[in-house]
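Start from the sequences, fold in the hints, and give me the full structure.
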Amino acid sequence: MSDPSAAAYEAVIGLEVHVHLKTRSKVFCGCPASFGAPPNTNVCPVCLGLPGSLPVLNEAALRSALLAGLMLGCRIAPFSKFDRKNYFYPDLPKNYQISQYDLPLCAGGGLEIEADGRRRRIGITRVHLEEDAGRLVHTEGGAGGSGVDFNRTGVPLLEIVSEPELRGPEEAVAYLKELRRTLRYIGVSDCDMEKGSLRCDANVSIRPRGAAALGVKVEVKNMNSFRAVGKALAHEIERQARALAEGERIARETRLWEAEAGVTRPMRGKEEAHDYRYFPDPDLVPVVPAAALVEELRASLPEPPLRRRDRFADRYGLPAYDAEVLTAERETADYFEACVAAGAEPKAASNLIMGEMLRLLKEAGIPIREAKVAPAGIAELTRLVAAGEVSGTAAKEVFAEMFAAGRGAEEIVRARGLAQLSDEGELERVVGEVLRANPQSAADYRAGKAKALGFIVGRVMKATKGRANPGLVNKILKKALG
Amino acid sequence: MTIGRDEVEHVARLARLRLTDEERERFTAQLAAILDYVRKLNEIDTAGVEPTAHVLPLRNVTRPDEVRPSLEREGVLRLAPRADDGFIMVPRVIE
Amino acid sequence: MDPTDLTLHEAAEAMRGGGISSREYTAACLERVRRVDPVFGAFVEVYGEEALEAAVAADRRRAAGEPGGALAGVPVAVKDNICAAGRRAGCASKILDGFVAPYDATAVERLRAAGAIILGRTNMDEFAMGSSTETSSRGVTRNPWDPERVPGGSSGGSAAAVAAREVPAALGTDTGGSIRQPAALCGVAGLKPTYGRVSRFGLVAFASSLDQIGPIARSVRDLALLLEVIGGHDGRDSTSAEGSPRGLAGGLDRGIEGLRVGVPEEFFAAGVDGEVRASVEASVGRMRDLGAAVVGVRLPHTPYAVATYYIVATAEASSNLARYDGVQYGLRAADPRDLPDLYERTRAEGLGPEVKRRIMLGTYVLSAGYHDAYYLKALKVRTLMRRDFEEAFGRCDVIATPTAPTAAFALGEKTADPLTMYLSDICTISASLAGIPAISVPCGFTAAGLPVGLQLMARPFEEGTLLRAAHAYEQATDWHRRRPPDPAPARGGGV
Ligand SMILES: [Mg+2]
Ligand SMILES: [Zn+2]
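Chains as they are written, first to last, in my numbering: chain A, 25 to 506; chain B, 189 to 283; chain C, 10 to 504.
Simulated from the structure, these hints should not be mistaken for laboratory data. We treat Cβ as the ideally placed atom computed from N, Cα and C, and that holds for glycine. A couple of the hints might just be wrong.
[Unchecked claim] Sample of chain C residues facing chain A (criterion: CB under 7 Å; computed from the structure): (1) 92; (2) 211; (3) 213; (4) 217; (5) 290; (6) 331; (7) 332; (8) 336; (9) 375; (10) 376.
Below, the structure written as structure tokens:
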């Protein structure tokens, strides 16, 4: 907040997040829920709302919604239902959206976040299941118009509404990132903002610091990245603060974030008073989650990412940075723990995974579960390094080969002759040869130029293809030059 | 609690119906008469009565998460009053 | 004998026994349509050539010894709000001009699977909103017993087509009486199954919590046969009940000795025409003669049924019909200025006054400030009405009432005053709100020669009891055998 007047105010932010659930088919029909098909090819009578068609709930979407609710610490409703939200818009084939109104599937949860090094639990008001709308493509010019693509219509959406407890853009972004991590941990969504599988609207108001009453709420939409959320909220808070400082009143309205101009502006479309006329959808029957199902899902919940991060630092003695990187994705964290379980030294495994492994995975464009290196392989390699049987330099080469070919570390070391050379007789012979070939460097060293030693060591390494045990080489050299 | 012309106009707008003056007059009178009739429900004490939204006690009706064939796009676009380049076209929407 | 006098099961049996071919029978129906439908206007479209081709194919299969379905080679008509792949589904509304359904309704799919031939689509009140088939954008349908009178509605086309011998049976749909009331007014039999018994998949929704597809025919046995074909669970309709109706036709002849017939005084109150009351009371007496026990029952919330219905049904309709907006299919107003103009003008031009009125009413009762006072209140009264029936069915097995308060009324008689028209559903609406099965069978004629209907209602999914009772009554009387007079030739052309 660069504007000085903003310091006098406190921001009150609530986020309304929509995420696509990762199901094969749509929430109420059998069309693919996938992204990127040519327009209007993933459509059927149901998701097009053709006369006579009827919705039937996707079992997997329901499970995912319940799982997400449990992961976010919510109560699962003993009785839930679907309602129709009625409004006219061309991306909404039936001119109503099947959503949930007064009895959402899940309510009353929370999410722990870390912002500015502090931990806070942000309340989650509700989590409910609904159908997505289509996509509008605007064309320019007089003859133009808007094109509607109904492929996205009916893709399952989870709406997650936070309490208005976020106190600034940093917290809002931290909340979003933590929510993304958490939902990815249970595999219910990709939460990819670029592909639109995570969308976020914000309710923003400000009040004089210390005041209890809430200010006038402004809804901010059209934020398409985490960065955009941070910038849009900072801008909106500043805008409201400046307005209040100048004695203006804040209008209760919806504003759109204009990323290029870096401002929010009021929505141009006729802002009609919304009256959604919710009522229970007579085409869908109530949902009464079975206790056994809820318990089964609860038992399957993974450790939340933030708690796992703490445990990695405590239990494995990892630096905070390592713990954060390793726990960013559940698969990476699982992999790391499997390595440790297979006998790898934690920090050595962390170094290998965070360095070589993540780099090679990124290059190959594959997830860790598809990597050919088994956790036991990592354990084997770290053991060889620790035992001095493979040098650090050679270890990288060994790992690259393990990653490419899926062979075991020892096998590669043997086949490619990468075992560390610790035979003193052999090393003395090589050192002798190097000194004979570089008399000037030997003389320089003896004359007090310490740097010359590095050059000689480099030659020894080159002569042994990096296999020479560095400690031993040093010892022999110092004796020879002594 | 009777319905007036303005309310009729408001409801027509919610329902996206453009009414002629004559229709507005007629609907105002007719809706007022019908609402007057249906208000007889107020004679009944419904305190503590659960609403019936569905008559059958069906619960948890779901289908397996399986992909089914979608419609041919040509057929979908042929139904539309205006289509272009795979899209169904409407007058330009302003946000 | 004129083959069109055959009932559905008689025709099916005659075809099986070689007494008549499907081609002969179908041709006779088509000839009858050609002759009388210009007067009655029961059909909105007849699939003449395709029906004959299907009949020839059915005969060929039979000759080849292939086992046919229960309805092999028998023509059936379908109401204009039920989808059949490649056919229009117009709901007798301008707004669906040009809409061709890309899929079969489950009921149609099952008719086809049983070998039935779809002869054409029948006229109806626009979007099934009406009790006289006068709100159709396709012109009125006339009552075969008196062409100056309405056939009832909204399935007036289906009932008139069956009464006029144009087809042995037709599918109708019933939301508040739209099968039973026209069946009564046209002197034929009609069944509204239990809500959830017949899949609604492919039925263009009017009020989703009330709509049911059901058969209209000239005998109770035909209704049983048709329900066995079209009924049963369907995974494409979330409100479809488990299980299938089986053995309905087989159980018809078990008689009604010991059956308890409940008579609710509320259905015989003011507003019910004296002749209608006399016919229904006489038919209850007839059932007593057949061995049934007649008991008095109370359905105290009956006076509130119409009010409850017109809130619930219009609320759902206002939402169901929002999709007709000129974007994806059907009518679009010419040269829209912008999107609001497209919406408002398409709907203003494409929807008729009764539909607009109900959309307005439904929108109002759901809108902010009125939702609880009207909509929620009606849902609570609906609960009380269901309880009434539960209690009554503790004392009886079927409930007997008039189907309609009067016999067929004159064309135009009730169009000026919507509330008067709504009250013509007064006897049928209760069963719709409670979701229970109900049937109408002919039970007499007025002095003016107009048919009167007896309505029987039963517990949910007890269509077997209902059909058995109706059948016993039907077999003991011959109202259903009467045939309306042939009409004077119409001016103008055919369909
Ligand atoms: Mg939402
Ligand atoms: Zn679909």
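Hint by hint, here is what the structure shows:
1. 92: 5 Å, holds
2. 211: It holds, given that the least Cβ distance between residue 211 of chain C and chain A is near 4 Å, below 7 Å.
3. 213: This interface hint holds because 4 Å falls under the 7 Å limit.
4. 217: 4 Å, holds
5. 290: 37 Å, violated
6. 331: OK, holds: residue 331 of chain C within 7 Å of chain A, min 4 Å.
7. 332: 5 Å, holds
8. 336: Holds - the Cβ of residue 336 of chain C comes within 7 Å of chain A, reaching about 5 Å at its closest.
9. 375: Holds, because the Cβ-Cβ distance from residue 375 of chain C to chain A comes to roughly 4 Å (cut-off 7 Å).
10. 376: Given a least distance of 5 Å, the restraint on residue 376 of chain C holds.
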